[in-house]
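Start from the sequences and build out the full structure, keeping to the hints where you can.
Residue numbers (my numbering), protein chains in the order written: chain V, 1146 to 1470; chain Z, 353 to 650.
By construction, these hints were calculated from the structure, which means they are not laboratory data.
None of the values given here were measured: they were computed from a predicted structure.
Take these hints with a grain of salt, some might be off.
With a straight-line cut-off of 20 angstroms between C-alpha atoms, the simulated SDA-like cross-links for lysine to any residue are [said to hold, decoys possible]: (1) K1231(V) to D1250(V); (2) K1420(V) to M418(Z); (3) K1231(V) to T1279(V); (4) K1231(V) to G1256(V); (5) K1420(V) to G592(Z); (6) K1420(V) to P600(Z); (7) K1185(V) to T495(Z).
Some chain Z residues well away from chain V (every beta-carbon gap over 12 angstroms; in silico) [as the list claims (entries may be wrong)]: (8) T479; (9) T495; (10) S564.
For each residue, glycine too, the CB sits at the ideal point set by N, CA and C.
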Amino acid sequence: MYYLKHLKPFLLKSCLFGILIGAWANAAEMNQALGLFHVKGQIYMLTGADVNVTVQIGNEAIVFVDTPDPSDVEEMMSLIREISDKPVRQVITTALDPLHLAGNDTIENLGFRGFGGRGAGVDIAIGGNTTGVTLLAHENVLNRFYLADNDVESLTLTTTYFTPSFDFYMNGEGIAVYHMPKAHTDGDSIVFFRSSDVISLGDLLIPGQYPDIDISSGGTVNGFIEALNFTLALMIPGPNAEGGTYVVPGHGRIGDEIDVVEYRNMLVIVRDRVKNMIDQGSNLNQILVSGLTVDYDTEYGGPRGGPTTSEFITAIYQSLIEGME
Amino acid sequence: MIPRNIPLFNLFAFIAALLLSSGLLAQEIDFSGDWRPLYHEDLPERSPGPNLADYTGMPINDAARMRGDSYNPNRISVVSEYICRQHGGDYSMRGAADLNISRIIDPLTQQAIAFKTRIGFMGMERTIWLNNPERPPEIAPHTFQGFSTGSFDGNMLNILTTDFKESYLRRNGLAASSERTATEHWVMHGDYLTVVTVIDDPVFLEEPMVRSQTWVRDPSARQSPSSCVPLQELPVNALGQIVPHFLPGQNPWIMEFAERYRIPYSATRGGIETMYPEYMDIMEKPPGNAEFCTEECE
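Structure, rendered in structure tokens:
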């Protein structure tokens, strides 16, 4: 009994210790999972984070498209510093999505703090940056953050654009930012690094998941298709339909033209099927139980994350119905 | 003890060194050379191409079947990105084109580290690594030919290929997913090369699909350079669809194959239940109306 009496707390402590060690090891392992994958030219992709972060590394500065969770920023910068000691100069946010902009503030704080500064308690510093880091998004990202319900707690931007496109030159290459007005949301941007021949697509492409058409944030199925068609028009494949222009998706693996084509094709075909049933007088419930996407569910639906089949079809239905009204 | 064993040890060492230096211990077969495909297997599918909605003998699932039923062959003319598309690495061996195989030798060890293949359709080039390299990370782009590693089992080369792009199991719209893997077995008998391909696709197959192809060595075979340019063959929207497809239940060609060859429609739909001899016991009778049968009726 003596042994048992003392053994029990010992075992309990051992278990707790083991759990702590395990958690520490898991955390270390997760951190170790971060990596920089060279895509092409001056473009790298941060891997292992909650979101794919596109990183342009050149002889002038570091440019980001989207940012990871703040807890990943330090390790990401360590990886980048193995390649470059240049300052961070530009962050482009592809959409009002907490996963894609969580690290904006942390990255802005990496910049120069010699003068000026944002007002206390102000989340958004519009009208030019004071740290040498410009944080850019389409104006609708800002509008939705202020004017609509969303799950973004804070947003750090220094400037927005409202024109169809915005471009600048950094690290010896032209960088074109295109607004995709009604795709995933109404504030989506895609970023084309012209010399490197890489396009950062945000959540307009997520391999193995149905597209997230966020109707409440201004997304539409036809706008999504138009955005993918626009992207395809920018892309030039390498010999025999492979390589050439690469795309960095918001999540998942890097793709080329055919990957975008297959994604676009799926979206067009499902859209047409839903529209056909609407035209025949079917309501949403009838469409949902009709098995319209049996041929795509094993590839894009199920336990892969992203919208479920029902959510995907419902978004298309709502988008088409609203378009008819 | 030791002095008496030294000569024996030296003898073994000498023999081992002799074998190693001459490569006699290696089991590697050299498949290098030029090969022409033989079409005694599956000619209609491989050369002119398969009929629409012919899924006979394929272990496909409902997803693949519906994908095939919705396929409109105009798609490869309207979607210009498909014009220069290669076959997938697991399908390329079935094409109607010559094959060149070369062996890559490590100059330091003089051991083969890879075979390179080139097939004379869309310049399909593939490397089969023999030195057990790491597979690409999950986020790396997939390719049509995939990533192949090989190892010898006696005289047979076993190859595992992963990291495919989405492609097709058959050129009638039966899709092959980017999650599939292919295991190949290469065996050479004199001047004949037999390749058995086993495709495992969790997205579109109920069980692995097995196919085989045979090649004959032809030292005179030569290939042309690939020069495909992806020109638009039809105006986009000429057919009212930017991605031609048939809506569910509206494919007008769905019965054509069954009627032409007088095969029960249900047997043409594929699936594992239709693949094995037991299926003969439950298979529907062929259509009685012989007027439908226009080819291979007897």
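Each hint, compared with the structure:
1. K1231(V) to D1250(V): holds (19 angstroms)
2. K1420(V) to M418(Z): With Cα atoms ~18 angstroms apart, K1420(V) and M418(Z) stay inside 20 angstroms; holds.
3. K1231(V) to T1279(V): At roughly 15 angstroms apart (the allowed maximum being 20 angstroms), T1279(V) and K1231(V) satisfy the hint.
4. K1231(V) to G1256(V): holds (11 angstroms)
5. K1420(V) to G592(Z): OK: K1420(V) and G592(Z) at ~14 angstroms, within 20 angstroms.
6. K1420(V) to P600(Z): holds (12 angstroms)
7. K1185(V) to T495(Z): Distance ~16 angstroms between K1185(V) and T495(Z) Cα, so the pair holds.
8. T479: holds (14 angstroms)
9. T495: Label violated. Min Cβ-Cβ 6 angstroms, cutoff 12 angstroms.
10. S564: holds (25 angstroms)
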